[in-house]
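There are 10 protein chains.
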Amino acid sequence: MSLATLDVSQHPVLPQSSTTLFEAKAKKKVSFEEIAKEVGRDEVAIAAMFYGQARASPEDIQKLSDYLGIEHATLEKQLSGFPDRGKSIEMPPKEPLIYRLYEIVQNYGYAYKAVLNEKFGDGIMSAISFSTHVEKEIDKDGNAWAIITLRGKWLPFSRF
Amino acid sequence: MSLATLDVSQHPVLPQSSTTLFEAKAKKKVSFEEIAKEVGRDEVAIAAMFYGQARASPEDIQKLSDYLGIEHATLEKQLSGFPDRGKSIEMPPKEPLIYRLYEIVQNYGYAYKAVLNEKFGDGIMSAISFSTHVEKEIDKDGNAWAIITLRGKWLPFSRF
Amino acid sequence: MSLATLDVSQHPVLPQSSTTLFEAKAKKKVSFEEIAKEVGRDEVAIAAMFYGQARASPEDIQKLSDYLGIEHATLEKQLSGFPDRGKSIEMPPKEPLIYRLYEIVQNYGYAYKAVLNEKFGDGIMSAISFSTHVEKEIDKDGNAWAIITLRGKWLPFSRF
Amino acid sequence: MSLATLDVSQHPVLPQSSTTLFEAKAKKKVSFEEIAKEVGRDEVAIAAMFYGQARASPEDIQKLSDYLGIEHATLEKQLSGFPDRGKSIEMPPKEPLIYRLYEIVQNYGYAYKAVLNEKFGDGIMSAISFSTHVEKEIDKDGNAWAIITLRGKWLPFSRF
Amino acid sequence: MSLATLDVSQHPVLPQSSTTLFEAKAKKKVSFEEIAKEVGRDEVAIAAMFYGQARASPEDIQKLSDYLGIEHATLEKQLSGFPDRGKSIEMPPKEPLIYRLYEIVQNYGYAYKAVLNEKFGDGIMSAISFSTHVEKEIDKDGNAWAIITLRGKWLPFSRF
Amino acid sequence: MSLATLDVSQHPVLPQSSTTLFEAKAKKKVSFEEIAKEVGRDEVAIAAMFYGQARASPEDIQKLSDYLGIEHATLEKQLSGFPDRGKSIEMPPKEPLIYRLYEIVQNYGYAYKAVLNEKFGDGIMSAISFSTHVEKEIDKDGNAWAIITLRGKWLPFSRF
Amino acid sequence: MSLATLDVSQHPVLPQSSTTLFEAKAKKKVSFEEIAKEVGRDEVAIAAMFYGQARASPEDIQKLSDYLGIEHATLEKQLSGFPDRGKSIEMPPKEPLIYRLYEIVQNYGYAYKAVLNEKFGDGIMSAISFSTHVEKEIDKDGNAWAIITLRGKWLPFSRF
Amino acid sequence: MSLATLDVSQHPVLPQSSTTLFEAKAKKKVSFEEIAKEVGRDEVAIAAMFYGQARASPEDIQKLSDYLGIEHATLEKQLSGFPDRGKSIEMPPKEPLIYRLYEIVQNYGYAYKAVLNEKFGDGIMSAISFSTHVEKEIDKDGNAWAIITLRGKWLPFSRF
Amino acid sequence: MSLATLDVSQHPVLPQSSTTLFEAKAKKKVSFEEIAKEVGRDEVAIAAMFYGQARASPEDIQKLSDYLGIEHATLEKQLSGFPDRGKSIEMPPKEPLIYRLYEIVQNYGYAYKAVLNEKFGDGIMSAISFSTHVEKEIDKDGNAWAIITLRGKWLPFSRF
Amino acid sequence: MSLATLDVSQHPVLPQSSTTLFEAKAKKKVSFEEIAKEVGRDEVAIAAMFYGQARASPEDIQKLSDYLGIEHATLEKQLSGFPDRGKSIEMPPKEPLIYRLYEIVQNYGYAYKAVLNEKFGDGIMSAISFSTHVEKEIDKDGNAWAIITLRGKWLPFSRF
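So the protein sequences, as listed, match chains A, B, C, D, E, F, G, H, I and J. Once you know that position 131 of the first sequence is 131 in the UniProt record's numbering, the rest is easy, because the numbers rise by one and skip nothing. Once you know that position 122 of the second sequence is 122 in the UniProt record's numbering, the rest is easy, because the numbers rise by one and skip nothing. Once you know that position 142 of the third sequence is 142 in the UniProt record's numbering, the rest is easy, because the numbers rise by one and skip nothing. Once you know that position 78 of the fourth sequence is 78 in the UniProt record's numbering, the rest is easy, because the numbers rise by one and skip nothing. Once you know that position 150 of the fifth sequence is 150 in the UniProt record's numbering, the rest is easy, because the numbers rise by one and skip nothing. Once you know that position 100 of the sixth sequence is 100 in the UniProt record's numbering, the rest is easy, because the numbers rise by one and skip nothing. Once you know that position 157 of the seventh sequence is 157 in the UniProt record's numbering, the rest is easy, because the numbers rise by one and skip nothing. Once you know that position 2 of the eighth sequence is 2 in the UniProt record's numbering, the rest is easy, because the numbers rise by one and skip nothing. Once you know that position 55 of the ninth sequence is 55 in the UniProt record's numbering, the rest is easy, because the numbers rise by one and skip nothing. Once you know that position 71 of the tenth sequence is 71 in the UniProt record's numbering, the rest is easy, because the numbers rise by one and skip nothing.
Careful: at least some of the hints might be erroneous.
[Claimed, not checked] With a cut-off of at most 25 Å between alpha-carbon atoms, the simulated SDA-like pairs for lysine to any residue come out as follows:
no.: 1; chain 1: I; residue 1: K28; chain 2: I; residue 2: T74
no.: 2; chain 1: A; residue 1: K29; chain 2: B; residue 2: K77
no.: 3; chain 1: C; residue 1: K119; chain 2: C; residue 2: K136
no.: 4; chain 1: G; residue 1: K119; chain 2: H; residue 2: P58
no.: 5; chain 1: D; residue 1: K28; chain 2: A; residue 2: Q62
no.: 6; chain 1: E; residue 1: K37; chain 2: E; residue 2: T20
no.: 7; chain 1: I; residue 1: K77; chain 2: I; residue 2: I138
no.: 8; chain 1: F; residue 1: K77; chain 2: H; residue 2: F160
no.: 9; chain 1: C; residue 1: K136; chain 2: E; residue 2: R159
[Claimed, not checked] With beta-carbon atoms standing in for the labels, derived distance ranges:
no.: 10; chain 1: A; residue 1: E59; chain 2: C; residue 2: E137; range: 44 to 50 Å
no.: 11; chain 1: F; residue 1: K77; chain 2: J; residue 2: K37; range: 49 to 55 Å
no.: 12; chain 1: I; residue 1: E90; chain 2: E; residue 2: E135; range: 32 to 38 Å
no.: 13; chain 1: B; residue 1: V13; chain 2: I; residue 2: A73; range: 49 to 55 Å
no.: 14; chain 1: E; residue 1: K37; chain 2: C; residue 2: K37; range: 42 to 48 Å
no.: 15; chain 1: D; residue 1: Q62; chain 2: A; residue 2: T74; range: 31 to 37 Å
no.: 16; chain 1: J; residue 1: K37; chain 2: I; residue 2: N143; range: 54 to 60 Å
no.: 17; chain 1: D; residue 1: E76; chain 2: E; residue 2: P58; range: 52 to 58 Å
no.: 18; chain 1: G; residue 1: S9; chain 2: E; residue 2: H133; range: 41 to 47 Å
no.: 19; chain 1: I; residue 1: A73; chain 2: J; residue 2: S2; range: 37 to 43 Å
no.: 20; chain 1: D; residue 1: E135; chain 2: F; residue 2: K77; range: 24 to 30 Å
The set of hints was computed from the structure by calculation and includes no laboratory data. Ideal placement from N, C-alpha and C gives every residue a C-beta, glycine not left out.
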């Protein structure tokens, strides 16, 4: 199996923690799935943390530090602030895999809105009170399918 | 329950079929869920079709025509071409509900890529060999949660 | 006192309800404050509704219809769908008054984030579970000051 | 409580003073609230100053230097110029917390304009003769709410 | 002398009052200077009013109506709202004359800021408490020079 | 009085001469007005030169070198080329002071064009055969006003 | 020989005079070269006038009216204002022929600047005191070459 | 006479050869015209080569190396690849001189197309099989005029 | 087999000929392949002509008129001008099929350049002296593959 | 024959492997064709790999390392991650050669869509299950033609 790595020269505005974490991951040769199991969080959350998009709790920092062999003080300093989200990617995304996700929003955005509004009323699905998960499925013909689940709290617009 | 409607003056580049379909839906006062049951397709696919983002088969056209009371010839003419997708929405989306979906791609895009690459190798999750589904969940505290599932075929990059 | 009016040729993508409501308001020569009192909602919410940015409940529609002398069926048809928000304005705004609000976000955005994060932890102030209010203050030198209050529920990022 | 920090690699165009100040803050482990009390200014103003968006008076520089243990000459040199505002953030903001503020302007911009025009006449709310404040409220159900107050002088358009 | 006219097909988002006013001006064959004298305002203010960028007082409306032979009720209805400024022009401007003004800001923007800051301290020159005037000068060689004067109130940033 | 300074990290594409000149200015603690008097040019021209937007003659270089104590050879090398104008600022400007100037062009652009066309015929006001000047005025109530004068040669469009 | 025509639906913001002129040209089946000879101006100037980019003098209007059989009053009304230049084209141009001209500026822009600066000093080549001409050349191998000549007055930057 | 120079900090993405060549040119104090004579090419072509926009033949490299005193191996390594054109300039150009050229395309683009189409049929003027030349003309009143000639092969669209 | 149709409301800036041609095609229920055979041109060229992107010769117009039953005079008037290319599509394309082609250029652009430069020297592959063709292939597993061939003349950069 | 090289200063966001590979290629003075033969892949695939747009298998890395004389461990570390595609190029491309490919998509995009839809039904040509090839053809008149073949799997939209 191949592992996701980070080439800093391609991501000049990621936080320092990204470099620290990806280097340690490459050295230990572990996947996000393995790290996730160790830390006790979803692998997407772990990957998001590596890209500066999710916050690490003190326990997460401790476990990452232990498991990946990163000096605790360094990781704590780099990782204990509040994430400055949204900097990992230019929109529209040029990366083909990420573009396909973007295209789903572009093409089905209003369809989701219409269906959600009819099901829930006037409001939004939160991207904050939110979790997500990725699964792999092999159909009977041996084809692989990726299943991404998005689960967000429904927030009705306040009446004022 | 309220129903999703279309105000054409807000969507000047949607196809004519959108006007026809939304007007018939408003007249009959049915939800996408009800239409979907009648047509035998997912309600997101039906909503996408209403917004010109999914193709209708001759059977779909027949059923929509029957159920919504639209003259068959009219609907066939307007709906039997190939969808010119992507015109229903400006990106980045300004609509708060759709923006939240966009934000998920923006924030978790590279996390999805990293996790999918580690799980499947080099490739993409197709947005074409693709289906999606929306569900409503009520947790024990009475809070509503929206669950969106994305299921796409994994396409490995060709080696050449 | 002067009243806010709408010139449709300057806002081609607003919903039909905007034309209907602003015309009735101009005819009756009433302010948003007066309408708000009648309907029992905040005047900003009423103005937002006129611009297609807030949802009207059946009671709101009834009261608006009665008070502004708009045929109930017309208003119900135009106003009972789900708002397609975000279409009233181009960003960055060119209108000087609205630009000043935009400039506040541009200049103080990270300051708000830093202060809010320290006060509340990792999360956001909701713009959905949200209300806002405008007040006028005259200081002792006779100068007028506008006070805008934003009140949003704090949503912590989910841990997953 | 966690503290807001600055990762310079994510903000390459901030002034040098930002680095100096955030590093000293991280070392002393103090919040903006604590610094604000010490300096005698609002915590949002202090945070804005850290991000290069507000001017420091000679007294502010003295107090910051004393309290945060920064050499006075260094801070004076870095902080006594006129702020080059607006460089801390890309618009539209990608950071979810800041985006919510932006979204408020996007959705309610014309509503604010209409209400303010009716209340004050033709003019703008100044973003210069302006102050802002953040408060935390806990409602009876234990939910946290963020209250942001914007207070700007009303400037009528000159007649000429 | 030639007169400035308006071709509505080139300015689809100007308010209706622009059409009314420019048509009456073309019919009466008067310059902005002549109208300005009649109304008692600066000719730039009058021209701005024609483009929907300045507010007309009831007296202005009366005088314009009388002088240009426009039915008072029509003009009052179209012109008594609050201007929705900023819609007359796309930025960067493509029109060569307007581009030159834009270029002045682009090239000398920071020079103005530096000089103004040194002269006045931290603040801005208001574009609201503001007037402007255009003059023509013929030098001794017979060359024409345009002199534009901008006069704005200095607003110091509030300390909070 | 405070002096305008330059933080290079906020202006990475300014020419090297900007750093040299601003550093010498900060060291000598002189204003643009003082430098301008010494060099015999307008203070806006001097500030523009510091930002790489105006050309220095050999005499200017000599005087700047003498007055600011910069080695002549260094300054000559850095300052004797032809300015690569337009790089000091991103448009639309985010800096509030510069934005106000931009807003004047945005709102009054067509009004200036109309008035200038009527006064001068078909052509433009040159931004090249051009000078500008800033003055400070205190009105009887003690308020400060900034007066910016723009003076450009009128260039009629050639007939061909 | 084929003639250039105008399809208004592709140029919705051109002035009314463009429609009038192109229709008359199509009816009379004449080329810009023929019209230019008749009017006594360069064919590029004539074509520019048709696209609303050059001003017509009263004599031009008379000759165009006579030659193309357009009612004089109509043409005078539509054509005697000041051109609102720059609206005929979106930049970057998508039209392949126009893109090639754009590409020349993109690729050789700095080369022209360097050569012109060395030849003339600090200044610009005017696009206002400017004429242009197109010629056709057939080389000995029978290949056609287009020669475009640009001739603009050199304007040195004012010293102030 | 002054010479065009390069300040690398203003052009961070130019190739290394640009630095090498401009430095040697500044050291030898020669104009593009002089270099062009030496190398036997047009001065615009030479300047384009300095900005990485034209290819140098082995003979060009030899002559440049000899004349400018640059080590041959260095120049060969830096200059013998294929130019990555189009990186020297941001569009729309902010530099006033280059903007004027851009403005000519913007304003006269469709006029050129119409005239060229009528003269040559359906096709384009090549920007590849293309040469250009700059000349200086002094008219009888002593005014300087810049003449830029563009000469490109006419390429008819293929019929297929 | 289904046929490609045109919904004018989705393509407001296409030429009138597009409406005429697509309507006649829909009425006759013929594919581009069939029309191409009749006219004697490639089906991509025919489709491009329908979208206003390729020129029709007098013979093409005659054949299209005959075959599709369009009045010759109408078609000649609408179709005999020079195409105003590039207006059929917004870039980046939102349509998924067209985006895939765009993505190929985005991802392989420099690879093509490198390979073509090594094979042909410094120059470009013409998009004008150019033809293209589409084929369908069914592999042994029954999968369909689309083969697009691009054939363009190589144009070397002129040396001048 | 000349070889394609890489000037890193012009491509600051390419991965480190690009520098490593292009330097080794320049040192060994081999073309992509030669490398392709050695590695057993298409030369476009090899070039894409050099630009970080295609994945290298362990065998590719071994062969590249052997043939180009790059330390295996270095190349493996830099090249064995998953490509972060799309970063090699800004769109619209400014490079003339790449722009021509982009222009083909811009002008013929809808024509391809129409023809492909009629040939294959509703779907897309994959850019992932995709290969491409470049060939050189010399016609009887000695002109060179570039032939680019694109071959992608047809993916029908899923029905759901």
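How the hints compare with the structure:
{"no.": "1", "hint": "I:K28 <-> I:T74", "in the structure": "holds, 18 Å"}
{"no.": "2", "hint": "A:K29 <-> B:K77", "in the structure": "violated, 58 Å"}
{"no.": "3", "hint": "C:K119 <-> C:K136", "in the structure": "violated, 28 Å"}
{"no.": "4", "hint": "G:K119 <-> H:P58", "in the structure": "violated, 28 Å"}
{"no.": "5", "hint": "D:K28 <-> A:Q62", "in the structure": "holds, 22 Å"}
{"no.": "6", "hint": "E:K37 <-> E:T20", "in the structure": "holds, 20 Å"}
{"no.": "7", "hint": "I:K77 <-> I:I138", "in the structure": "violated, 42 Å"}
{"no.": "8", "hint": "F:K77 <-> H:F160", "in the structure": "violated, 57 Å"}
{"no.": "9", "hint": "C:K136 <-> E:R159", "in the structure": "holds, 21 Å"}
{"no.": "10", "hint": "A:E59 <-> C:E137: 44 to 50 Å", "in the structure": "holds, 48 Å"}
{"no.": "11", "hint": "F:K77 <-> J:K37: 49 to 55 Å", "in the structure": "holds, 51 Å"}
{"no.": "12", "hint": "I:E90 <-> E:E135: 32 to 38 Å", "in the structure": "violated, 45 Å"}
{"no.": "13", "hint": "B:V13 <-> I:A73: 49 to 55 Å", "in the structure": "violated, 31 Å"}
{"no.": "14", "hint": "E:K37 <-> C:K37: 42 to 48 Å", "in the structure": "holds, 45 Å"}
{"no.": "15", "hint": "D:Q62 <-> A:T74: 31 to 37 Å", "in the structure": "holds, 34 Å"}
{"no.": "16", "hint": "J:K37 <-> I:N143: 54 to 60 Å", "in the structure": "violated, 29 Å"}
{"no.": "17", "hint": "D:E76 <-> E:P58: 52 to 58 Å", "in the structure": "holds, 54 Å"}
{"no.": "18", "hint": "G:S9 <-> E:H133: 41 to 47 Å", "in the structure": "holds, 43 Å"}
{"no.": "19", "hint": "I:A73 <-> J:S2: 37 to 43 Å", "in the structure": "violated, 55 Å"}
{"no.": "20", "hint": "D:E135 <-> F:K77: 24 to 30 Å", "in the structure": "violated, 56 Å"}
In this structure, the hints that do not hold are numbers 2, 3, 4, 7, 8, 12, 13, 16, 19, 20, in rising order.
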